[in-house]
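Each chain is listed here by its residues.
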Amino acid sequence: MEFNKIQLQTNFNNFQFVYTNSNTYQYKFANLRWQPVCTILLFPLINPPTFSLPITVPNALRRETEYQAYLAQVQNLPNSIHIQDHYWDSIDSTPANTLGPTRVNTPSTGSDTDYWTPTNFQFASPTPESGSTNLAHLCSCGTDICYCDT
Amino acid sequence: MAEALEIQEIQDEFLREAGFNLTDLRNQIQLMYWSEQHFITQGLIELLPFGEILSDIRFYSYVDYSLDELISKANQTLLYWRLSGITQYDGTPVTQLSLFYNETFLWHYSAPSYQEEIHSQLQSGHRVRFLS
Chain A
17 MEFNKIQLQT NFNNFQFVYT NSNTYQYKFA NLRWQPVCTI LLFPLINPPT
67 FSLPITVPNA LRRETEYQAY LAQVQNLPNS IHIQDHYWDS IDSTPANTLG
117 PTRVNTPSTG SDTDYWTPTN FQFASPTPES GSTNLAHLCS CGTDICYCDT
Chain B
46 MAEALEIQEI QDEFLREAGF NLTDLRNQIQ LMYWSEQHFI TQGLIELLPF
96 GEILSDIRFY SYVDYSLDEL ISKANQTLLY WRLSGITQYD GTPVTQLSLF
146 YNETFLWHYS APSYQEEIHS QLQSGHRVRF LS
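As you go down the protein sequences, you meet chains A and B in turn. As numbered in the numbering used here, residues 17 to 166 make up the first sequence, in order. As numbered in the numbering used here, residues 46 to 177 make up the second sequence, in order.
In case anyone wonders, no lab produced these hints; they're calculated from the structure. Quick caveat: nothing in here was measured; it's all calculated off a predicted structure. Mixed in with the good hints, there may be bad ones.
One side of the interface only, derived from the structure: several residues of chain A facing chain B at Cβ under 8 Å [unchecked claim]:
1) Phe19
2) Asn29
3) Ala76
In this text, a Cβ means the ideal position worked out from N, Cα and C, and glycines have one as well.
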């Protein structure tokens, strides 16, 4: 599973969307677990030094109606792009069996590295949804990263 | 020839009774693939957020809580391929299929419809992702 990030490239008052690599996960049949292969977070969201340009000319192959219909379907999905303050309270947070003792993807604590690999991947949910009052007390969590006193 | 047809009919009946709910990838305009066989299970396609703009929360929720189910659904698709006797060009059973996002849908339909929100999220320091 490979995810990319949408980023902004600005030029005076104009901007355009570009994209960069973000997170890649692989399922390892040897131990029946998903593992993060590569996580790239520290490139700036605006004007990243390297990026890819999206296509400029659509190629809808005369299926515009179908594209529009699917867009309507996507727009009706819950939890799309909107930030929802109480989102974590609304989902089942039961740990999945094959993810090991903690989540597979949530960022490590206080890491300054550009790349997270399985070897330096420590887990901490970026929100205090784990239910640990100690975690909430010790960690300062942003959207992507928790900085914790250990 | 008649025997082969009979086996095919038995196979088809078995698959119908097994309750595989299938999706024809040719109708899924949010993704792309290169294959001569076009069917995967509906449950698998429903778990793949191609074409969606993923906020941080949606992304982490997906990766933390949906990946296990994804394996289960992929196994169902593999079972369907095996039971239905779908083979590759060299006659061996199909075991994998690569799916990619459709660039036209993402960049000319999905992203433009969320342009202001994507811009706002990025200006606020939040990452916005998509499944590629």
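Hint check:
1. Phe19: Given a least distance of 5 Å, the restraint on Phe19(A) holds.
2. Asn29: Not OK, violated: Asn29(A) not within 8 Å of chain B, min 12 Å.
3. Ala76: holds, 5 Å
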